[in-house]
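Chain order of the listed sequences is C and L.
Counting from 258, one number per residue, gives the positions in the first sequence under the numbering used here.
Counting from 289, one number per residue, gives the positions in the second sequence under the numbering used here.
Source of the hints: derived by calculation from the structure; they are not laboratory data.
Keep in mind that the hints are not guaranteed to be accurate.
Said to hold, decoys possible - Cβ-to-Cβ under 8 Å is the rule here; a few derived chain C residues that face chain L:
#1 Lys304
#2 Ala307
#3 Asp332
#4 Leu333
#5 Arg336
#6 Lys337
#7 Phe341
#8 Phe343
#9 Asp345
#10 Ala347
#11 Trp349
#12 Ala350
#13 Leu360
#14 Pro361
#15 Gln363
#16 Ile364
Quick reminder that beta carbons are idealized off the backbone N, C-alpha and C, glycines included.
Here is what each chain is made of, one letter per residue.
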Amino acid sequence: MSLFEMKNVTFTSRKFEVVDHVSLMIAKGSVTEFHGPSGGGKSTLLKMLAGIIIPVEGNVFYKSKDINLMSRQEDLVFRKECAFVFQDSALWANQTIIQNILLPVQIHYPKITKEKQIEKVKKICDIVCYNKDMNLRPADLSAGEQKKIAFARALVCEPSVLFLDECTASLDDNASNNFIRILHEFMKEGNTIIYISHSEKFRWEFSGNLYEVKNGNVELQSIDIDDLR
Amino acid sequence: MFEAIGEFVKNKIKNILYAFGYIGRILTSSLSFFSKGKPSRKIFIMQLLFTFVEAMPLVIVVGLALGSVIYVIGYPFLQSLGQSSVIYSLMVLIISRELGPVLVAFIVTARSANAISTEIGGMVSDHEIESYISVGVDPVEHLVAPRFLGVTASVFLLNLYFSFAGLLAPSLIVQLINPIAFNDYFLGLFQNLTIRTILVSCLKSLVFGNVISICATYYGFSVERASTEVPVVGIKAVGKSMLFIIISDVIITAVSYI
Chain C
258 MSLFEMKNVT
268 FTSRKFEVVD
278 HVSLMIAKGS
288 VTEFHGPSGG
298 GKSTLLKMLA
308 GIIIPVEGNV
318 FYKSKDINLM
328 SRQEDLVFRK
338 ECAFVFQDSA
348 LWANQTIIQN
358 ILLPVQIHYP
368 KITKEKQIEK
378 VKKICDIVCY
388 NKDMNLRPAD
398 LSAGEQKKIA
408 FARALVCEPS
418 VLFLDECTAS
428 LDDNASNNFI
438 RILHEFMKEG
448 NTIIYISHSE
458 KFRWEFSGNL
468 YEVKNGNVEL
478 QSIDIDDLR
Chain L
289 MFEAIGEFVK
299 NKIKNILYAF
309 GYIGRILTSS
319 LSFFSKGKPS
329 RKIFIMQLLF
339 TFVEAMPLVI
349 VVGLALGSVI
359 YVIGYPFLQS
369 LGQSSVIYSL
379 MVLIISRELG
389 PVLVAFIVTA
399 RSANAISTEI
409 GGMVSDHEIE
419 SYISVGVDPV
429 EHLVAPRFLG
439 VTASVFLLNL
449 YFSFAGLLAP
459 SLIVQLINPI
469 AFNDYFLGLF
479 QNLTIRTILV
489 SCLKSLVFGN
499 VISICATYYG
509 FSVERASTEV
519 PVVGIKAVGK
529 SMLFIIISDV
539 IITAVSYI
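Isolated chain L, as found in the complex (with noise of 0.2 Å):
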């Protein structure tokens, strides 16, 4: 039992290690990857396509919706306590700096981590990674460092997007229930958009995008030969990157507020 016990704990380190050796050769390939990954900007590319053009009519409809759904219920219930001028902090507190980035992250998640994990793992069992080792090509630097970048500035992309969505549907909705002048809505929106929120809201989106490609390339790795696997590792990913997205938005959350 000692024994199992021992080799449990020696592979979980071995694994935690060869994580954070992932992590660093990701990190210094996308560094790099501008100035000599001439045949995978394609790639980078097509992950902008994917990732961040084709969610982001999913995205503004989220957007739109949680916003006018926030207006309409809050606006009531705050007027009726006389404190309708939270609505503004509410709003900017919920769309732009804690609900919306996990929000568009779980949406890119559910969407490109398993596809990009799947996608990975059918190319590990059919040996294509091993046939891009053979020609002399770095998977990280072509597959990983494209994905890597191109999912980060999706999160980030769409997060502005939800967050311009979110605000900007109740200007709209709030003409029904309490019409009130564009010119003050905005102003007392801008008075609650602080820089601290912004910086908040686009660290987030960066953090959570980091997190949804390097697991799901990490997972599409682990697929050892059987197409079997495939599907496993696209559960696993989606599993894992929205596990870490909800940890590091409690760590960004509980630091940013100290």
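This is chain C alone, in the form it adopts within the complex (with noise of 0.2 Å):
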């Protein structure tokens, strides 16, 4: 059975269809790659398969549920379970370093207590190698910091399946190691994997499935390693 199954899906915006009738599965466990031009509709159609943003026809499935139809317990349960990490961070300029990794964990473990919840974000930020002020804010980091907070807060809620969108991008080549490393664990625990990458060592490291996006169409396609060699 897959993790993800798309039906059909199409996405338009200003009258442009960035995403057109695209069907595809996603099996547990797996690691796929979106590649393609930019512009090509990846990082849209990796957002409708985390259920960020909902496509005008068609169907997204998570463990055969609609995740647009999914009630509020449901949705709950996906976010934690699929965590993303956006290309440009996106982390909540107006909140601190720990309130940008403390709020996933208030979301989801509710009923722990707040020294716990507070250790739990410190052990992801050790492991993420973020050794900074907690109390600075993401305008205070340079880039590369704010993707490993960014990664840190997709990571804190211990989910099984992660969405990268670039995940790399402005890392220096220690923290991008480190990710790698962190994403290799994951991944020995059954994890699902789905991103985007133009890092070729990247693709090296997690290769999969790989769909080539193109003018919003998908397109699998065989991935050779040598060539990525």
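Reassemble the complex: the two chains are provided individually, in unrelated frames, and hints are given to aid placement.
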């Protein structure tokens, strides 16, 4: 049984078809990459799979449930299981770093004590190697550091699916290698990764199903690891 | 041409239905806000700070000035007509019931409607709203409900302060132009300050608070992607808030006199 299924999904923006009648399936524990030229509809496709934007036509299913028809309770479970790292980090500018990571914990673990919630936040910050002041605002950090926080925010609730939109862009080699190591561990636990990346190194590390996205259309392509090497 | 008119009408109807749905979502989210809006309570408190506490000095000064002006100009004029006792009902009518709530609403619109719409618009263009959705936070529950309640409570409280300042100021001014006992002044006021006047004033301030917060958040969310849209929605939010304040004021005033 597929974890995600897209059926005939279309998304239009200002009368342009960004995604045009796309159908695809994603299995549990798999790695899926959306590849293609800029402006081809990759991010829109990824956001529709993650239930962040609603398709104009068609349906997206997660564990056979239409994600746009889920009840509030089902939606919360879905959001806890599926985390998203945005291309531009998309941290909440008017909140501190600790508040940025703490909010998902407060939403998904409302019954644990504040101390334990903060403990979770500190633990995930250690994992992503963020060691600066937790009371800074996102604007006080570099783009790479913001990416670390975005990654920490995505991982803090222990998701089983990760959506990554150019997650290693603006990272230095050390941070990028650390991310790759964390993602390998994430994969070992049988979790699912769905990503967009223009980094050859990242694609080499996480090869799987490759979907070519061009002008809103999607085509499943076979991937040759030797080409990437 | 007919196709274009049809498309225009269709979009207008769609927008109106969307707006009603949006208002419904705000009302339902606000009803359950205090029972489950723990992470949003800080936003509510901050909204009270920005809209109520920080605007209070300005509102009090405007109230004091307006009350004084009405008395200074109105009293000699009414006295010349032999109707000096009408000054109390005139003051209550203008400050508490008619001009006061509208003036307070305009001050809040100028200060907060623009701030809220540009803040939310900025969040949309920076993908912060998508980021809220991705972690399971409902933007209406988390961002709109506290602002709706905060702005409504602020307009209500500011209106009370405005009335208080506007009616109190002449008690001092009166000593300069027509010295009478404080007791007589307040007795004259309270005789004209009816329950109906207070209820209409409170109703107006609550409705105006709703109008400001709904317009500000609605236009904030109407930003699609470009940061250049943000100041435009700020202008629209202020303009539409003022328009709907005047329309709702006319309706409430008309109904209250029936």
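Legend entry - Hint check: 8 Å Cβ-Cβ cutoff, Trp349 of chain C to chain L: 5 Å, holds
Inset, instruction - Let me know if the C-beta of Lys304 of chain C comes in closer than 8 Å to any C-beta of chain L, holds or violated. - result: 7 Å, holds
Legend entry - Evaluation of the interface hint that places Leu333 of chain C against chain L, nearest CB under 8 Å: With Cβ-Cβ at 5 Å, under 8 Å, it holds.
Inset, instruction - With a cut-off of 8 Å on the beta carbons, see whether Phe343 of chain C makes it to chain L. - result: Holds, about 6 Å.
Inset, instruction - Go through the hint on Ala350 of chain C and say holds or violated, using the shortest Cβ distance to chain L against 8 Å. - result: 7 Å, holds
Legend entry - Hint check: 8 Å Cβ-Cβ cutoff, Lys337 of chain C to chain L: 7 Å, holds
Legend entry - Interface restraint verdict for Ala347 of chain C against chain L (beta-carbon cut-off 8 Å): Since the shortest Cβ distance to chain L is 4 Å, the answer is holds.
Inset, instruction - Return the status of the interface hint for Gln363 of chain C: holds when the least beta-carbon distance to chain L is below 8 Å, violated otherwise. - result: 5 Å, holds
Inset, instruction - Return the status of the interface hint for Arg336 of chain C: holds when the least beta-carbon distance to chain L is below 8 Å, violated otherwise. - result: Holds, because the Cβ-Cβ distance from Arg336 of chain C to chain L comes to roughly 3 Å (cut-off 8 Å).
Inset, instruction - With a cut-off of 8 Å on the beta carbons, see whether Ile364 of chain C makes it to chain L. - result: Holds, about 5 Å.
Legend entry - Hint check: 8 Å Cβ-Cβ cutoff, Leu360 of chain C to chain L: 6 Å, holds
Inset, instruction - Using Cβ atoms only, decide whether Pro361 of chain C comes closer than 8 Å to chain L, and label the hint accordingly. - result: 4 Å, holds
When each numbered hint is compared with the structure, no violation occurs for any of them.
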